[in-house]
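Enquirer: Residues per chain are reported as follows:
Number of protein chains: 2
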Amino acid sequence: MSNNSAYKRKNLTPMLKPRSVAIIGASRDPSKVGHVILQNYINSGYDGKIYPVNKSGDDILGLKTYKSISAIGSKVDLAVIAIPAQFVPEVLDECGRAGARTAVVVSGGFAEVGNVDLQRRLTAVAEKYDMPTLGPNCLGVMDPRSRSDTLFLPTYKLSKPQIGGVSFVAQSGAVGSTILDLIVGEGFGLSKFFSYGNAAHVDEVDIMDYLVRDDETKVIVMYIEGVNRGRDFFRIAKEAGRKKPVVVLKAGRTAAGQAAAHSHTASLAGDYETHEALFRQAGFTIAHDIRELLYYAKIFASEPEPSGPNVAILTNGGGAGVLTTDAIAATSGLKLASFSRQTLDSLKKTMPPLVNLRNPLDVAGDADDKRYGDALDALSKDPAIDMVIVITLFQTPGADSRVASKLIEFKEKSDKPLINISIGSGYTEMHKIMMESAGLPVYDSPAAAAESLSALLKFYQFRSRK
Amino acid sequence: MSNNSAYKRKNLTPMLKPRSVAIIGASRDPSKVGHVILQNYINSGYDGKIYPVNKSGDDILGLKTYKSISAIGSKVDLAVIAIPAQFVPEVLDECGRAGARTAVVVSGGFAEVGNVDLQRRLTAVAEKYDMPTLGPNCLGVMDPRSRSDTLFLPTYKLSKPQIGGVSFVAQSGAVGSTILDLIVGEGFGLSKFFSYGNAAHVDEVDIMDYLVRDDETKVIVMYIEGVNRGRDFFRIAKEAGRKKPVVVLKAGRTAAGQAAAHSHTASLAGDYETHEALFRQAGFTIAHDIRELLYYAKIFASEPEPSGPNVAILTNGGGAGVLTTDAIAATSGLKLASFSRQTLDSLKKTMPPLVNLRNPLDVAGDADDKRYGDALDALSKDPAIDMVIVITLFQTPGADSRVASKLIEFKEKSDKPLINISIGSGYTEMHKIMMESAGLPVYDSPAAAAESLSALLKFYQFRSRK
Numbered sequence: 002m003s004n005n006s007a008y009k010r011k012n013l014t015p016m017l018k019p020r021s022v023a024i025i026g027a028s029r030d031p032s033k034v035g036h037v038i039l040q041n042y043i044n045s046g047y048d049g050k051i052y053p054v055n056k057s058g059d060d061i062l063g064l065k066t067y068k069s070i071s072a073i074g075s076k077v078d079l080a081v082i083a084i085p086a087q088f089v090p091e092v093l094d095e096c097g098r099a100g101a102r103t104a105v106v107v108s109g110g111f112a113e114v115g116n117v118d119l120q121r122r123l124t125a126v127a128e129k130y131d132m133p134t135l136g137p138n139c140l141g142v143m144d145p146r147s148r149s150d151t152l153f154l155p156t157y158k159l160s161k162p163q164i165g166g167v168s169f170v171a172q173s174g175a176v177g178s179t180i181l182d183l184i185v186g187e188g189f190g191l192s193k194f195f196s197y198g199n200a201a202h203v204d205e206v207d208i209m210d211y212l213v214r215d216d217e218t219k220v221i222v223m224y225i226e227g228v229n230r231g232r233d234f235f236r237i238a239k240e241a242g243r244k245k246p247v248v249v250l251k252a253g254r255t256a257a258g259q260a261a262a263h264s265h266t267a268s269l270a271g272d273y274e275t276h277e278a279l280f281r282q283a284g285f286t287i288a289h290d291i292r293e294l295l296y297y298a299k300i301f302a303s304e305p306e307p308s309g310p311n312v313a314i315l316t317n318g319g320g321a322g323v324l325t326t327d328a329i330a331a332t333s334g335l336k337l338a339s340f341s342r343q344t345l346d347s348l349k350k351t352m353p354p355l356v357n358l359r360n361p362l363d364v365a366g367d368a369d370d371k372r373y374g375d376a377l378d379a380l381s382k383d384p385a386i387d388m389v390i391v392i393t394l395f396q397t398p399g400a401d402s403r404v405a406s407k408l409i410e411f412k413e414k415s416d417k418p419l420i421n422i423s424i425g426s427g428y429t430e431m432h433k434i435m436m437e438s439a440g441l442p443v444y445d446s447p448a449a450a451a452e453s454l455s456a457l458l459k460f461y462q463f464r465s466r467k
Numbered sequence: 002m003s004n005n006s007a008y009k010r011k012n013l014t015p016m017l018k019p020r021s022v023a024i025i026g027a028s029r030d031p032s033k034v035g036h037v038i039l040q041n042y043i044n045s046g047y048d049g050k051i052y053p054v055n056k057s058g059d060d061i062l063g064l065k066t067y068k069s070i071s072a073i074g075s076k077v078d079l080a081v082i083a084i085p086a087q088f089v090p091e092v093l094d095e096c097g098r099a100g101a102r103t104a105v106v107v108s109g110g111f112a113e114v115g116n117v118d119l120q121r122r123l124t125a126v127a128e129k130y131d132m133p134t135l136g137p138n139c140l141g142v143m144d145p146r147s148r149s150d151t152l153f154l155p156t157y158k159l160s161k162p163q164i165g166g167v168s169f170v171a172q173s174g175a176v177g178s179t180i181l182d183l184i185v186g187e188g189f190g191l192s193k194f195f196s197y198g199n200a201a202h203v204d205e206v207d208i209m210d211y212l213v214r215d216d217e218t219k220v221i222v223m224y225i226e227g228v229n230r231g232r233d234f235f236r237i238a239k240e241a242g243r244k245k246p247v248v249v250l251k252a253g254r255t256a257a258g259q260a261a262a263h264s265h266t267a268s269l270a271g272d273y274e275t276h277e278a279l280f281r282q283a284g285f286t287i288a289h290d291i292r293e294l295l296y297y298a299k300i301f302a303s304e305p306e307p308s309g310p311n312v313a314i315l316t317n318g319g320g321a322g323v324l325t326t327d328a329i330a331a332t333s334g335l336k337l338a339s340f341s342r343q344t345l346d347s348l349k350k351t352m353p354p355l356v357n358l359r360n361p362l363d364v365a366g367d368a369d370d371k372r373y374g375d376a377l378d379a380l381s382k383d384p385a386i387d388m389v390i391v392i393t394l395f396q397t398p399g400a401d402s403r404v405a406s407k408l409i410e411f412k413e414k415s416d417k418p419l420i421n422i423s424i425g426s427g428y429t430e431m432h433k434i435m436m437e438s439a440g441l442p443v444y445d446s447p448a449a450a451a452e453s454l455s456a457l458l459k460f461y462q463f464r465s466r467k
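So the protein sequences, as listed, match chains V and C.
Residue numbers for the first sequence follow my numbering, beginning at 2 and rising by one.
Residue numbers for the second sequence follow my numbering, beginning at 2 and rising by one.
Among the hints, erroneous ones may be present.
No copy is singled out in the list; a pair is fine if it fits within one copy or between any two copies.
As the list claims (entries may be wrong) - Simulated crosslink set (BS3-like; lysine-lysine; CA at most 25 Å straight-line): (1) Lys50 / Lys9; (2) Lys239 / Lys219; (3) Lys158 / Lys371; (4) Lys33 / Lys50; (5) Lys33 / Lys371; (6) Lys349 / Lys417; (7) Lys158 / Lys407; (8) Lys245 / Lys33; (9) Lys129 / Lys33; (10) Lys161 / Lys76; (11) Lys336 / Lys459.
No lab work stands behind these hints, which were simulated from the structure alone.
Work the whole structure out from these sequences, hints included.
Expert: Written as structure tokens, this is what we have:
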């Protein structure tokens with residue numbers, strides 16, 4: 002964590018919402034990164050101007066192609082650079098002279114392989130023109146609203162996510178694309194995606210500063226290996242934590258991991274405990290692996306503020322109810338709700354006699370949409386219940402898509418956090434996608450569900466204390 | 002934990018490998034449990050005798066049907082009872098008189114809903130005839146080799162698992178079917194499945210005793226809510242732990258969970274810490290949720306004894322390598338391997354110049370089957386490496402099914418534990434199924450992979466100390 006210069010905000014809007022983009026290193030060869038990026042801009046429905054640039058100047062994919070960015074004759078909002086590392090500083094300088102507003106350098110071969118001087122030259126050029134430059138050694142940016150997308154991954158490997166409120170920031174390109182892939186699989190919506198690689202100019206500080214002020218971003222989720230400009234980072238982190246939920250996964254929590262991080266992005270991972278303490282001070286939610294990162298992102302993206310710590314569990318499997326009770330009781334901040342008199346009276350009328358009227362409420366393996374609906378009706382009205390976990394084991398005889406529809410119906414009108422636990426393979430996965438797409442978060446383990454509710458509660462408690 | 006009578010082993014073989022089965026409560030109504038069970042025996046290819054029994058005596062599904070078990074005129078190995086609770090003791094008595102060797106009572110409505118006396122009568126009948134009786138309030142048994150299967154779940158909800166070496170024991174029917182569903186999804190093989198419900202006669206002690214001696218069972222995996230006959234349980238547990246890996250998930254680790262468990266199967270969950278200490282003494286691997294249970298089952302089912310604690314990481318994504326390094330360094334018992342001189346020399350010849358020759362070995366996003374093969378070739382020969390984690394992020398440009406095939410090729414000849422981490426959606430899932438089916442365990446998080454390797458190492462260390 003160092004802090005060498007006065008803080009200056011970088012305007013990243015032209016990078017995310019470019020009216021024009023130059024792709025430098027555009028190629029006819031489908032195996033080249035410069036081809037994939039150009040093809041993606043053409044196919045995505047991006048409606049700004051696209052300028053392929055390469056040395057030959059021969060037209061590519063039916064588009065007029067330029068020998069250099071200067072030859073375009075107008076200033077572009079975004080220059081995407083996909084050429085061998087040694088040519089990058091010179092070409093970036095030309096971008097600056099031609100008035101490009103921002104740049105993304107996807108090329109690798111800089112500090113991460115020991116070419117520190119080459120990277121310094123890149124930084125110097127970006128600073129000289131005051132031109133926000135992302136990378137090098139990164140995937141770049143994606144904004145599903147503007148359809149600006151510099152990711153050079155074939156679509157059969159990575160489908161495009163839906164538009165939503167979660168912005169992801171990943172230093173590492175591979176972790177970034179893994180997270181994007183999981184987002185698509187989970188069916189939840191993306192606001193912005195940043196993979197910033199070596200952080201030669203634009204770093205996590207600039208990105209966080211931008212996302213704090215971005216109205217399209219409801220939740221900020223970050224994977225970071227090292228933190229530059231510590232003082233600025235934590236100043237903006239504190240502001241971010243007050244404004245919106247921030248979930249962070251920091252690699253290098255062990256000495257061995259720190260050494261590996263340094264070898265990967267030339268990051269100085271720093272002391273993990275110090276970082277973790279500062280993250281907590283800022284009100285961040287700390288994840289310890291990619292699965293947790295997604296769990297937390299999901300709950301913040303969909304759930305309202307809970308009115309308190311009391312959780313009701315509704316289940317069609319007794320054992321799963323017991324395991325979830327254990328998870329709630331073992332998770333800091335959460336309590337098992339006691340049902341109010343009125344709820345018990347209401348359940349007495351609607352539940353079959355064998356159902357034990359207590360929390361967890363085990364409505365048994367033959368529970369259908371009617372029984373789930375009756376139970377949810379009672380639980381959702383109970384002021385002693387702040388949050389609801391509904392377990393649906395789809396292997397049991399009563400659970401089917403009508404049960405899933407009933408949960409979605411309640412989710413849509415619920416003013417309490419309401420989440421689902423479903424565990425299983427094919428038949429379960431089908432219902433999971435159905436519920437997730439309708440904004441009902443589905444967890445595959447009681448512990449994950451409990452920890453996510455706890456993170457939700459803690460965020461709002463933190464915010465109300467400040 | 003109580004211990005009221007002298008220990009007597011129960012012979013469960015006729016329940017798992019019945020030459021004849023009577024289905025009492027067989028029905029023409031497809032919505033009835035007695036219909037589903039009969040249909041399953043007919044469809045499964047079970048080659049013993051099937052005797053439907055119901056009061057009317059009218060033929061069902063083309064099979065001659067009997068008015069009572071006595072009317073069959075020969076002794077059956079297994080009587081499956083699916084009739085209302087109040088009639089069960091009397092019918093079980095008739096089974097005893099007719100010489101049935103074992104019984105499975107799937108019906109609910111006993112101690113779990115307060116009908117303690119009814120359950121006592123059931124126990125007394127089973128004891129009177131010395132007839133091992135499973136249940137009540139359970140799914141029963143499944144043995145893919147004999148195709149004996151009392152589970153009353155439709156096949157679109159739950160596909161049948163492959164034959165294999167893992168035996169699962171679950172007190173709860175819903176948790177049991179969830180686990181079975183996950184087994185099918187993960188593509189690994191089953192030896193026996195037991196859901197024993199209220200444990201009125203056959204309990205976890207009898208089942209464990211049977212599985213310890215069952216040569217088809219390589220790994221025992223148990224979900225339990227309460228332990229009966231504590232002294233017998235831990236005597237047999239100690240024998241089990243010396244003979245084969247045992248993975249246990251015990252519900253009721255909190256007071257709230259214990260209360261919920263009591264309400265579910267009328268189990269006295271007992272003091273969790275005491276149980277956990279005794280499990281550890283017996284050399285059991287302790288899981289804390291269903292996901293962990295599966296992770297551990299998978300590694301014990303497929304991996305050989307590791308020669309030591311040193312783990313090599315091979316990855317096509319730097320960030321995932323860092324996170325996995327953190328997970329290894331943070332997991333008790335594991336160490337990050339240092340590559341030997343010979344390995345470094347060999348890698349120097351085969352890896353591209355940008356690859357950093359260290360552990361984790363990051364072979365970069367363009368790594369293809371050739372590069373993975375060259376790296377694995379070097380790592381698998383290194384005596385300083387005891388276990389190998391191969392990370393394949395299938396979102397990256399080089400990773401495809403040829404990479405997965407290459408890993409399977411190495412897996413087949415590897416004498417070291419070798420596991421995979423793949424994280425992602427559709428394209429990843431496809432390769433995950435491919436690798437799992439070939440016996441290469443795939444994990445979706447670095448922490449899960451590290452904890453599983455640690456459990457593997459600890460089991461063999463425990464065994465060699467004894």
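Enquirer: Does each hint hold? Answer for all of them.
Expert: Here's how the hints hold up against the structure:
{"no.": "1", "hint": "Lys50 / Lys9", "verdict": "neither (29 Å within a copy, 83 Å between copies)"}
{"no.": "2", "hint": "Lys239 / Lys219", "verdict": "within (16 Å within a copy, 53 Å between copies)"}
{"no.": "3", "hint": "Lys158 / Lys371", "verdict": "between (41 Å within a copy, 20 Å between copies)"}
{"no.": "4", "hint": "Lys33 / Lys50", "verdict": "within (21 Å within a copy, 65 Å between copies)"}
{"no.": "5", "hint": "Lys33 / Lys371", "verdict": "between (56 Å within a copy, 20 Å between copies)"}
{"no.": "6", "hint": "Lys349 / Lys417", "verdict": "within (23 Å within a copy, 58 Å between copies)"}
{"no.": "7", "hint": "Lys158 / Lys407", "verdict": "between (34 Å within a copy, 19 Å between copies)"}
{"no.": "8", "hint": "Lys245 / Lys33", "verdict": "neither (39 Å within a copy, 52 Å between copies)"}
{"no.": "9", "hint": "Lys129 / Lys33", "verdict": "neither (30 Å within a copy, 78 Å between copies)"}
{"no.": "10", "hint": "Lys161 / Lys76", "verdict": "neither (29 Å within a copy, 63 Å between copies)"}
{"no.": "11", "hint": "Lys336 / Lys459", "verdict": "within (13 Å within a copy, 35 Å between copies)"}
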